[in-house]
Amino acid sequence: MMDFLATIGRRSLATFERLGRGTLFLLQVCARLGFLFSRPSLTLVQVWAVGVQSLVIIGVSGAFVGMVLGLQGYNTLVTFGTEESLGVVVAKSLCRELGPVLTALLFAGRAGSALTAEIGLMKATEQIPALEMMGVDPLRRLIVPRYVAGIISMPLLATIFTAIGILGGYFCGVGLLGVDEGAFWSQMQLHTALGTDIGNGVVVKSIVFGAVVTWIALFEGFDAVPTSEGVSQATTRTVVNSSLAVLALDFVLTGLMFD
Amino acid sequence: MARRAIVREPVRPDQPRTGGGGNAVRLAVIEMPSVMQDPTHTQMPHDPLVTLEDVSFARGSRVIFDGVNIEIPRGKITAILGPSGGGKTTLLRLIGGQLEPASGKVTVFGRNVQGLNTAELFAMRRRIGMLFQSGALLTDLDVFENVAFPLREHTHLPESMIRTIVLMKLEVVGLRNARRLYPRELSGGMARRVALARAIALDPLMVLYDEPFAGQDPISMGILVRLIKQLNRALNLTSVIVSHDVIETASIADQMYLIADGKVVESGPPATMKSSATPAVVQFMQGLPDGPMPFHFPGADYLTDLIDGASP
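Sequence lines, in order, name chains A and B.
In terms of this note's numbering, the first sequence opens at residue 1 and continues consecutively.
In terms of this note's numbering, the second sequence opens at residue 1 and continues consecutively.
For the record, the hints were derived by calculation from the structure and aren't laboratory data.
Only part of the chain A face toward chain B is listed, based on derived beta-carbon distances under 10 Å:
hint: 1; residue: Q127
hint: 2; residue: I128
hint: 3; residue: E132
hint: 4; residue: G135
hint: 5; residue: D137
hint: 6; residue: R141
Facing chain A, a subset of chain B residues (Cβ under 7 Å, in silico):
hint: 7; residue: G96
hint: 8; residue: F122
hint: 9; residue: R125
hint: 10; residue: R126
hint: 11; residue: M130
hint: 12; residue: F132
hint: 13; residue: S134
hint: 14; residue: A136
hint: 15; residue: L138
hint: 16; residue: P150
hint: 17; residue: E153
Where a beta carbon is used, it is the ideal one built from N, C-alpha and C, also for glycine.
Starting from the given sequences, assemble the full structure and let the hints guide the process.
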């Protein structure tokens, strides 16, 4: 029994210690954000790496999610004779929840894991100690541009995901299942609010998810044990922890935004 | 007063040209960056460049250094020898301020490293070049950009001058024509030579070499030995080599330290070390498998271990 309690205590302490280290890491990064303005090109390169290179998976996923929504929405709505509301169902679902959440989960798997592996391998191959010995602050030179790039990229990717998803729903509902095109778009326009649905959902949620997922990914890489096994474990932790964080935060944000 | 230099730099199409002719270059006067106008570059006092006084360091319960005293003289090649895992790389990290000793004092360029704030520490490191065991080249940059990296980060030199400096450094290590290769396309020896060119890019006062000869074929090893010796003399550097390659290190070192079990076992010129009667020095210099540094990892007796079949 005592061993069991001791194990729980040890693991709890390790978790809090890790959380503390992660918070300190985030504060150190935030304290260096001014560096962004002296070397904006470094951030642009990272926007390309984490944002543009995620476009294919985001676009394809958005299209299929939208088509599934169109199909499932139509099947449910047609029972009540309200299939003209399909545009609202697709748009609201994508703007409020599926767009930001699925984009964040895909971002964690595609860009988050890549960031962790990149930084972890730089540590394992002594590139980060080499930067320090050259008098270059790795937090400023490596971490800040990537962190800001993640925050910039996520709302853009979520917007693209949502837009393509709506087109997917349109293709399925109007193109394949015969929903009236005018009703599809006009109902969507009438019931989708710019501030509540798009502002809160796509923009605010995505920025929060981008900040959290990129923070977790960069911290895991920077804190990784500098071996191949350590980097692989850190990459796994990034995907698991950031996915859980996104889902938990989504619940909190939804509660605050759409009560 | 800031030093200035006259450089030739290409004229962009939108810039006015003074005089005719087809030479699209102009002369420009630029201010030399502060890292290149360090007054200590020209001063040559006889006090040591680096001193470790009674330094102790431990990782958890494992003692790495226990009251170590080392002096690195200016303009000389100092070799730190010791068995693998003996803390030689840790010593370089203590000098570079990447680690802090549990007790004792590390003085570099006359200043206590523990007393430096982050900005001062980074400024100090700009005057130190370090060659890592793996080379530690930035894998997303080619050879040219790797050598140019410290220049781009710490100076505002015009592109033409960066190009000239990088080509000069690469010429020294014989890899000027490999400047467009990426680190993945280089052999281990070539990667280390590129890293050496990068380490001297800012004309440092001191270069730290972490196992420069480890895993090298005889030709690469010979090249590195010659380069370290020549660079030290030509650039008036101070060099610190940590290594366990006794023959190569002894051939170029002015002063050697042998570290074992967290202490300096013996120090002196290579000739003194070779003729030493101290058992640990004899074992290390002659490569004997057993001695004060035991072949067997310390633990239970062999016979007891075999008979006691219960323990894993």
